[in-house]
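Asks: Sequence:
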Amino acid sequence: MSPEPNNGACRMREDGVLEAWAGYQAPDYARSAVAAAAGLPEDRVEVHVTFAGGGFGLRSSGDPAPLIEAAEVSRALGWKHPIKVQWPRQEEFKYGCYRPMATMRLRAGIDAAGALVALDHRVVAQSVAVDMPKLCNLIIRNGVDGMSVEGAVGQPYAIPNHRVELVNFESGIHVATLRAVGHTENEFAREAMIDEAAAASGVDPLQFRRRLLGANPRLLAVLERAAAAAEWDKPAAARRARGLAVSNCFRSFSALIAEISQDQKGRVQLDRFVFALDCGRQISPDFVRAQCEGGLLYGLSAAVWDEILLDDTGSVLTQNFDRYPVARMRDAPAIEVVLIDSGEEPGGVGEVPVSSVAPALVNAVAALRNVRIRSLPIAKSIGWSLRAQRSPAVAPSAPQSAPSKGETTMADVTKIVTTENGPYKVDGNFTIHDYDGTPVTLPAGPDIYLCRCGGSSNKPFCDGTHVTIGFDGTLAKQ
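Oh and the sequence shown: position 101 is 101 in our numbering, straight run, nothing missing.
In case anyone wonders, no lab produced these hints; they're calculated from the structure.
Derived lysine-lysine pairs resembling PhoX-like cross-links, with alpha carbons at most 25 Å apart: (1) Lys-380 - Lys-94; (2) Lys-380 - Lys-265; (3) Lys-94 - Lys-84.
Across the chosen pairs, the derived CB separations fall in these ranges: (4) His-48 - Lys-234: 52 to 60 Å; (5) Val-130 - Gly-214: 37 to 45 Å; (6) Arg-251 - Glu-42: 29 to 37 Å; (7) Glu-42 - Arg-374: 43 to 51 Å; (8) Gly-146 - Ile-283: 23 to 31 Å; (9) Leu-317 - Thr-103: 18 to 26 Å; (10) Asn-137 - Gln-264: 52 to 60 Å; (11) Arg-89 - Lys-234: 39 to 47 Å; (12) Ala-334 - Asn-370: 19 to 27 Å; (13) Pro-5 - Glu-231: 41 to 49 Å; (14) Val-73 - Asn-137: 31 to 39 Å; (15) Pro-217 - Pro-5: 43 to 51 Å; (16) Asp-311 - Pro-346: 40 to 48 Å.
Cβ coordinates follow ideal geometry from the N, Cα and C atoms, glycine included.
Just need the whole structure built from these sequences, with the hints factored in.
Replies: Printed below as a string of structure tokens:
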């Protein structure tokens, strides 16, 4: 979901040319769609591409709905007025263009020596390419949607026996590409399976991948650089663990190591990303680094929190960011980007980091807790702590001390009630300190509501309208 709500504008010029303005990634699609809605030939439509407040695949759809609506309204009014249509956020969420649902089943064969000798990767996914005018015939070949098997076909490991199967289905839900497209789901499954195969063989995940990448020197070099930067050879500290994932998507080679820890409430928190990338010749290394950092944070949201919920009738329940959390500045871990300029032909950058985040995180969770997570988002399976709430709340009976950053000091909490819309209604005397340690001025009035983001695994978010605390109600007096 992009920060800027979907929108578009159009006007009819005196020379009979319909001008349209929109921040779309595929202006040729927009021109075709607007021409059809306006009843005009395409050569009588002129599209001006504006800056977009986020795209990530949403604005590459062959159905630029707000722009179509603007053309239809303007036509109904006899082309007398310029028209702009901007969806409210709820409409944006309900209309969709969601990431396609996908399920993968992987089976691995390991010989007596512990080597991976077979991998069967079966993909069941809704096709995105069928809704991409002009490109679908290039993407779908011999009945196979190439986007649906990205990351499964062309995987980087030397596995003697490798099979990929695809079953596309139609859900009736409007879908479009997500940043990194098919790699996001297939690399999640593949890299998690590689770790499971390593565990079954009794081999360290890094060493297991080394054995499989002998014929892939660029990816092996990237893996070694990431491992060195993350100090993989040193044991992780108590209550900490690391997870690993590699990728060869978009003609680039990358390795990601995620370092996580567990807080006093048993919740997992992300502390560090180490990302190594060989994208070939780098024209602007600083821009490459920025894209890597942004892609990692985007992947963090998608892996840990993001989901769209529908009820039994197909109605969309998720209609705003209060139920669709995204990573905020406080959630960002330390990020170290290691760039390798191999001098080869340039590859992709902006989408490359996204697909490695989920597998690196679930592999780290497995190392920390010996629990395998095989579905997303991760926060539905385990408690996930926001970095801002690392310091636990002080119990009512505990001695009071100077608060640390993000700490909530409960002096005399008398009543805590979980309200229907999520936040806690709290009565009593207490002091709240912000993330920088400064006291928070509480709102006036008899009722005070404290958001439970980060304090509850089933609602790990804050919509910004409530004071945020690291507290999940377990300190309530009976």
